[in-house]
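Visitor: With chain D held as given, fit chain A onto it using these hints.
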Amino acid sequence: MSGSGSTVPGVRRIAGIVLAVLLIGGVVAAVVAGRHGEDKGTATKTVRGVIGSEKADFFADPDVVKALAAKGYTVKVESSGSWAMDGLDLKGYDFAFPGSQAPADQLAAKYHAQEPLPRPFYSPLVVVAHRSAADVLAANGLAVLDGQHRGTLKTGAYLDAVRADRTWQQLKGATAHGELTGTLYITSTDPETSNSGALYLADASYVANGGKVVASTADVGRTAPLLRKLVSVQGAQQSSSDSVFRDFVSGAGNPLVLMYESQIASLLIQQHTANDLVVLYPDTTVNSDHTVVPLDANGRALGELLGTDPALRKLAVRHGFRPQGDAAEFVSAAVGVSGYLNQNLTGVRQAPVPTSQVLHEMTRRARG
Amino acid sequence: MRRRRSARALLAAAAATAATAALLSGCTSDDHKKDDPTAPKPGTLRVLASSELSDMTAVFDRVRKDTGITIRPTYMGTLDAVDLLARGKADGAYDALWLSSDDYLRLRPDAAKKVVSETPVMSSPVAIGVRPATVKALGWKPEQVTWGQIEQAVQDGRLTYGMTDPARSNSGFSTLISVASALSGAQSALTDADVAKATPRLKEFFKGQKLTSGSSGWLATAYKRRGTVDALLNYESVLKGVPGLTVIRPGDGVVTADYPLSSLASTSAGTREDVRRVTEDLRTDAVQKLITDTTHRRPVVASVPPAAGLDTGRRRELPFPGSRSVADGLLSSYENELRRPSRTVYVLDTSGSMAGERLTALKTALTGLTGDFRDREEVTLMPFGSTVKSVRTHVVDPKDPKAGLAAIRQDTDGLTADGGTAIYTSLEKAYDHLGGGKDTFTSIVLMTDGENTAGVDAGDFDGFYRSLTGIRRDTPVFPILFGDSSRTELQHIADLTGGRLFDAQQGSLDGAFEEIRGYQ
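These protein sequences, in sequence, are chains D and A.
Taking the numbering used here, the leading residue of the first sequence gets 1, the next gets one more, and so forth.
Taking the numbering used here, the leading residue of the second sequence gets 369, the next gets one more, and so forth.
Some hints here could point you the wrong way.
Stated by the list, open to error - Below are the BS3-like pairs computed for lysine-lysine, each with C-alpha atoms no more than 30 Å apart in a straight line:
| # | chain 1 | residue 1 | chain 2 | residue 2 |
| --- | --- | --- | --- | --- |
| 1 | A | Lys481 | D | Lys229 |
| 2 | D | Lys91 | A | Lys481 |
| 3 | A | Lys409 | D | Lys45 |
| 4 | A | Lys565 | D | Lys172 |
| 5 | D | Lys76 | A | Lys457 |
| 6 | A | Lys433 | D | Lys66 |
| 7 | A | Lys592 | A | Lys575 |
| 8 | D | Lys91 | A | Lys571 |
Hints in this document: simulated from the structure, not taken from any laboratory.
With the rest of the complex left out, here is chain D:
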């Protein structure tokens, strides 16, 4: 690490403070010892960031910590809803790392971060379903399954069902499954604070707007009633994509849940099985472009590193993300779980995301 010589007196001074703290309260010792262990060998820069919760496992992975340390970084992260980052005091942080471009652009403007912003990896939105729910959707023309664990959600047909307040009971084959009752809907996160929830509305609005991105006040007005419905049926919504994922894993919650492909892919890549789970790719989906907002030079350097370092790209794949620019890395890692994942996103169309201003207005009206 450059300039490490000049930091030595600083380190000594910090060590002195640490000793003083140890004399006052012994409990700090464990934390300091842990950090010392990580830092062994190279002197490192500590970089602090606020991240979307879906990347918390990535940054906590000991191999990621090691790979970052090898490049001279100790990264300390804290999770926050992507849209809630705007409300945090980011003083003292080196970067923010929301789950898509719109909140990133907003933060970049606020903190005068220089474009282009590093976008090291991305992940499409998918709907995970329990087997029983996926079968019923397929039997009623709302989904097409291509295998035991993978399929396509017919976004247009689904939105029609929502417009008609369709319940599970009205669908063929649902009576065989006691849990499939009540209004048919997909659970998402709160669009006002969380990225995946906002992207869900972006996706639905694109389809509802006849395959055109919502841009004008008229577009917003036209799509508002449907978006309002998508949100209000859900009642209180979770504020992070990690929470809805955990609920689904623990067997609680709605049988249809919107999440990032990365969340389910990382589970599969690490465990190779997910029981009776089916991954449905909406035929029109939205990508979350995980975008780094550098708040200083260290933040920018870290953002660049995540996208360029082969070891870190590989680790990103382990956590289910698709590194920018090269599909092969993801495909080769996901080979063991291809029964669940649509590796090349065949038959999946990308909807562009409205500007952050339009998206805000959309979510505001959807939440009512």
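Guide: This is chain A only, laid out in the frame that chain D set:
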């Protein structure tokens, strides 16, 4: 809504709860000062927590071993905790929030903005635990029971149950939402219209509620003691801990608690880092296994299966209401309209030793309660010295609630201190006053600042109580330890009658009166 309380009372209630916890763990008053839960301490997270988490001691110990971080919980009902957060009173007083669920929190933007991140740690659905004999008599197949069947059994007079107070306990609140969603026939998140439509059915359903409680722990104790209640509604995890219950998750839907450990915006980055480390530890396979094995909650990692005995069949998840007006409206109608009303006699020591500050504290506490009494509630004030001084009964009439409340305030204001302390004679009078037969939650609150000096003695009261039958015998006394009263004497009264002792020596008098509300 009338049941909002002052922030001061909330804090008092919290302090009282903390004091009770300290007493239960056998601390002396010196320890207690050192253990002040409001004082920050490095390596310790002061966690504002749902009382259901009091079964997590083994897990907290494990976390301390793994991370060096001590979790110091202060238990509080969800609504009170959210209120505290919204008013900014949790800023600087707590390092993290750990409720059974953040669903209600999300309905209060002023409280929700205080939370930075939330991480679900485990889950437990609302369920009904039924005596096996009742299950058999009803001909139920546990895996197929629906809320509709439960409702039918209640209507037929074949099923009675106990549940915790939704205003004070998260489990009670989640139960209320589950029942209301299921019985309203709502196909998606409840609306005001759904609640209005369901009101007559809900009223019928809550006629079957024979036990109420401010905490899950006391509910289980009272259930065992009573012996005549058929079932309990609570979280699956709580019910699994009560021996001899068949635990049923109704097929037509449940609300599930997911216990998010949440970090707070008012805390330092270092504190939030500690919260993150604790969260990370809680989600390791080893700790997830410990959680499910010791608390009967379900893991949130796919690699750890739920503990043996936790049925993995799926249930519909009932959406939690998406607006505060629906949630608060449901709660308000439960308290003021749906539940059976309560009848309470307040047996109040106004002996000579109460003169001065003590009497002032009593008046303040009672006056504070008038903001909390529910419609249809019957309140009797029975001040005593060497004998019972007066018996004044007031009913909060839904048509004119203010009149009854004003009368209670007026009587409170007129209390004077003189005479000796006739505890047992006064208690016997209270039982006589209540009589039997009315379909209510009936209880007695005893507040005294000294030992018995007049009238009959403890032995006489024991004999009196043991000769009671039926509903009268089911009436518990909730004694409040205050001033120079005797813990032994009051604990005995609580044990004898199936009540619970509340401590206003460590905590405050308002706090104790407030906490007892959950049991009335």
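Visitor: None of the hints should be skipped; say for each whether it holds.
Guide: Here is how each hint holds up against the structure:
no.	hint	in the structure
1	Lys481/A / Lys229/D	25 Å, holds
2	Lys91/D / Lys481/A	18 Å, holds
3	Lys409/A / Lys45/D	28 Å, holds
4	Lys565/A / Lys172/D	29 Å, holds
5	Lys76/D / Lys457/A	29 Å, holds
6	Lys433/A / Lys66/D	24 Å, holds
7	Lys592/A / Lys575/A	20 Å, holds
8	Lys91/D / Lys571/A	54 Å, violated
Violated hint for the displayed structure: number 8, the only one.
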